[in-house]
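Q: Here's the letter readout for the chains.
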Amino acid sequence: MIPYRLMIALFLVAALGYVGASFAVFEMPATAADAENCGFLPEEFVAAGKLTYERSTAWWVSFQRKEEIWTTISVGLAVAFMGFALSTARRNGARAAGGAALGGGVLAVSALCVSCLAPVLSVVGLGLAGTLLAGVPKWLIALNTLLLTGWGTLYLSRRSAACALPQTGLPVAAAKTNRERKIQWHASPAP
Amino acid sequence: MARFARSVTATAFVLSTTSFALAADYASVLTPAKPGLPLAHPIAANDIAPPPFSEIADRPVKPAYVPGLPGLPQARPFKDDFGVPRPPKFDAVFIRQSRVENGEVVIPPGGLYYLEDTMGGEVALRGETLPVLGRLSTYIDYDMSIVVKENVTIPAGKSVVVGGTVYQYYATVGHEKLANHALHVKTIAGTDWEWAFGSPVLSASEPNWWGTRFTQLYNQGQAREVTPQKMVFDWISGVRMDRLLLADEKLFNGLAGVGDEWTSGNRTIRVADINAEAGTVRIEVIESGNVVLNRTIGPVKNELLIEDNDARKALVFEHGDIAGFLSPWPAPFKDGKANLKIYAKAFSLNYGADYAPDRRFAVYPVGCPTGHNFGFMLTNKDETRLKPGQAFDGPEGYFKVVVDAVDGANVLGWHIEDKAGNRSVNLGGRSVTNVDLVLGQGRVAGQAILKDVGRTMLERTYQALAQATGGGVHPPAASAAPAASPAGATYIAGFSPGLLVAVGVMLLGCAAVGYEIGRRRASSV
Chain H
187 MIPYRLMIAL FLVAALGYVG ASFAVFEMPA TAADAENCGF LPEEFVAAGK LTYERSTAWW
247 VSFQRKEEIW TTISVGLAVA FMGFALSTAR RNGARAAGGA ALGGGVLAVS ALCVSCLAPV
307 LSVVGLGLAG TLLAGVPKWL IALNTLLLTG WGTLYLSRRS AACALPQTGL PVAAAKTNRE
367 RKIQWHASPA P
Chain A
83 MARFARSVTA TAFVLSTTSF ALAADYASVL TPAKPGLPLA HPIAANDIAP PPFSEIADRP
143 VKPAYVPGLP GLPQARPFKD DFGVPRPPKF DAVFIRQSRV ENGEVVIPPG GLYYLEDTMG
203 GEVALRGETL PVLGRLSTYI DYDMSIVVKE NVTIPAGKSV VVGGTVYQYY ATVGHEKLAN
263 HALHVKTIAG TDWEWAFGSP VLSASEPNWW GTRFTQLYNQ GQAREVTPQK MVFDWISGVR
323 MDRLLLADEK LFNGLAGVGD EWTSGNRTIR VADINAEAGT VRIEVIESGN VVLNRTIGPV
383 KNELLIEDND ARKALVFEHG DIAGFLSPWP APFKDGKANL KIYAKAFSLN YGADYAPDRR
443 FAVYPVGCPT GHNFGFMLTN KDETRLKPGQ AFDGPEGYFK VVVDAVDGAN VLGWHIEDKA
503 GNRSVNLGGR SVTNVDLVLG QGRVAGQAIL KDVGRTMLER TYQALAQATG GGVHPPAASA
563 APAASPAGAT YIAGFSPGLL VAVGVMLLGC AAVGYEIGRR RASSV
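Those protein sequence lines, which keep their order, are chains H and A. Under the working numbering, the very last position in the first sequence is 377; numbers go up by exactly one each time. Under the working numbering, the very last position in the second sequence is 607; numbers go up by exactly one each time.
Next up, chain A with everything else stripped away, as it sits in the complex (with noise of 0.2 Å):
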């Protein structure tokens, strides 16, 4: 019934906005880095419902681990505009909730995600190359809100989400009468800010320790009742990366000066004026004779970027698939000329809005709340359900989920492959109930879902490592008992047929030497 509930849920997933009103003007009650430094990021007007199976509790169960596949590259590095390397590039993907019905795999709504999984902060305003399913965009800009939710209770060890950031009641501590509690924080995508900010910690009863107040950067919170049992927040902020702003083709990175111009299909971007005193470039878009597009971008706010988003916003230039930004660095201004680059081919990745190239998935950029982008997740919209035999193409078949065989409860054999064909191993198996998976090495994959799914990823490892080799002692299940075996199984358990074939011709070639050594002892007799 619970399941039935989760797929009504799941399969009412769409785009889903609620505006709602606050109690408070948190962008006064949330507390900024300093003195008098405004919030780089808006409160949002709405809240947009995150991709299904955000929770902790939904993550992968007892999944296969993949590392990569040549097509799903790891650790790619990558360098930006002014020659900085950038925290490499990891290819992920993840299957959750999926299950067997029927003789079918099914994967639900939500269940399967690409990640774009980054070891680092991705920095906008620097020509960082960003990949997007192989094609290596350049990221430009982009949009952040902080969501503010009001009245919040997180039972002890259960999980919510606020905005794309995550909050799990993780631990409590006890010290003679007294206990502090631990909050865990992490995106949709399952990154874990625990490397970068640490896990902020409550009490209501160890006042000179820890109160009822943390502030992680933009993840804010203030508790009115914290007990081992459950914490309830009178307000609790997450950030939302809304939207990110990429192109696919490089116009112009250099000095530009007045009457400067470049052309990308029928539309000409030109500098119309630049003042140089005031800090300011106007840009012109013209179309077919008519400017449609004629914007100020500058002054440069040094002290502000690259995160506050007026202070961006402000350098940054957009008309249809064209952008553009006044750079700050090396300097914005030299020789009278302006520092510009200038893109075409520019697209958004929005927030919970469909991916325009392949619209089975939806598209959910994941923040980290200091303001840098840490990928975006690609989520299937549509409940998928795949017999023996059949496969579910990835966004835009950047990759394909292949059922092999199924034998009752058991997927006996399926595989993941990359756009060029190239497989993993088998990942199903005897005890193998579900196609839930862990693929890459990046930030997500390869480190922070470690903590929730490593213990089971690990059993599941040996398990079929043990099945494989025939040898070794069968862990004991820490939870479900391994099914039974299936019927029909016929191949000899730790013999593949290569090496039953290798052994056989060894047999062979001894009783033929045998015989050539016999024969030539008796005729020698």
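Isolated chain H (complex conformation) (with noise of 0.2 Å):
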């Protein structure tokens, strides 16, 4: 069983968290290059820290022509797919679960590194990553987190159907119990 609510809240609080934070740090840039690597065109850079834009038009501009929109959806889905994995972390047990949200957080921090929130990051040591990534689309990064993640998703819950959960006593849990049994035996016929 897939818990979809909480992925898509979880989704929508990773992405809009992104947009946030990009918000949040972006700065107006010094030189020239730097206005060209935030998207900008030379014409619309004016001086340090000036450009033909208000800061906050700025920010917009960089987002759509830096295509951040891709590494939102990347780090939406990685959060989304990391909280799933903790989530089943009762019946896969805390090594595969931990391993597949370990997975989806290297996912998000891939799609972070090329992203515009890059230079904030380069300082804990991610530029070598970075490398690797940059000359990788960011649509591309997005279609195999969501591919990843999918799998990822698609797996754990397969896995979660075909292991019970240990007896507790509570009313609640065997019923459970009985209902992953009842799963198990429609997935896996006697032989």
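If you are wondering where the hints come from, they were derived from the structure by calculation, not from laboratory data. Fair warning: this is a prediction, and the values are worked out from it, not measured in the lab. There are no misleading hints in this set.
Quick list of the computed label-pair ranges, beta carbon to beta carbon: (1) A:Arg-537 / H:Leu-272: 58 to 64 Å; (2) A:Ala-261 / H:Ser-242: 57 to 63 Å; (3) H:Ala-195 / A:Lys-161: 51 to 57 Å.
All residues carry an ideal CB built from backbone N, CA and C; glycine is no exception.
Make the complex out of the two chains shown on their own, each in a separate frame, by following the hints.
A: Shown next as structure tokens:
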């Protein structure tokens, strides 16, 4: 059973959080080269810290031109998957769930490395990943994140369905156990 | 052979000063800005060799272009002591006449130069900041002279260097059986004066339109023969920025009275006397109790400032690394006090001399004929040979040129990086046969030199883009045909390693999702 509501909520929180962080850390470029890196044209750079746009408009222009929507989607998908993976820890075991969540985290960080937040992140040593991913279009990173988190979600949900929860004596848990066993019979017929 | 001769000439590149006798007193031959006005700069008594490769034909060949690096900043804004914005400053690096020889990249003497590239004129006596390899020094004063050469021939399309000025016979325009001829005027650094003064035009056959003499401030000349084949000048002049005086420490800036003093090391600078009526100030520099400089500066001749040499020198005092001047602005005197600017850690950049902090380089300030400064060049004095994996440090290690891979006559990999290690993209490639470079966005790198090298630079950029993306049509080569692909190239055109991995991950992801969906379908049957 995939908790769609939880995942959608996490997706929205992470995506909006990324957009907010992007806006918060956005700095008006100090040089023409910085301006170019942020997606601005030479004629839009007036002087250090000054563009032909106000800061909020400049951020939005940069966000669009740098195709940050794909990074936003990637981060949202990765965080939603991490939440789902951790929520299955009881059924799949801490190691499997933790590993899956870690994978989701790697995807999120990879997406961030080629985002416009990367200059901020580079101070903690993420320049290498950013360099490796620099030639990869952001839409492809988003597609890969979708495929990998989708696969992870399907895998973990199948595995959850196949593994019974330990008996706890609680009625709710017992009911769940019976339901999972029923599902297990359908999925794995006796030889 | 020509290359060998050029190399020998370049290897012999040392500070070469030659005195020469002129046939006339050119201080009276040259035309001042208006009747009665003296020439602002003295006539040079000697000739100093310009930096190698100053002629137009020596420009970079199909150079790589780099807009800048974090450690080589562009368009830095500064204000002078009066809060007036000055033209933005740019760091520029050029490499010309480089080649590949026996698996090594060779940069000849003078083949590389750093340029403090300014968008407009730098002006003395205003406290203007002038970046020197990242240090923010203050520009104080300068020495400029007018170099005159006699019996100079410029063949059509060719160029000659006179002082720090480069003249190129650029074009002939025919009209019926008549013709006029355009002369392009540039600096040794490549600054093109067309934007400021236009191009002189001469004609022997259209006397109502043009003559055989041109005047472009102190760049002037008198031709005796002007044909579509050549121009021959009786004499031609150009300006040379002989020295820049700068300082790294500001000791004082303001109104000072008699007895005020400042110390720097074991020196004391003291205002010994002020005569506001005569417009003069007497300055003493005292070392170990002895007066080692006793100099009266002033009065201010406002009508001749800032460019007139004598009027400016009357205001400036120097002793060792101490320098200062009586500031004409906003007023030289107020309430019995003198308006002084005093500096320590002063130093000079002398035309053609060694650059003192790094003697592998020679320095050449670049002058505008009106008397303003247009940055300074630092050129490598010795030949540099780089094997793959080796690097050449720029002046004071301000940047580094690194050769990564050479295959036969091709430089497959090279880049430039700043002091902090920020690297350009790979500037090499399968059809790259040198490390010629234009870096920067200033008056020279971003504008003037494009007239000479812009076409090949754009062609090279397009080819690099076509190779990187693996698509598009390769343009026909305008000059040399592209070299064959190097042996052993293993990568697929248009796919970086990162992109290949990403496509692989996508395929694996599709397979994994397909497997999961298939398994679910199978189990639901």
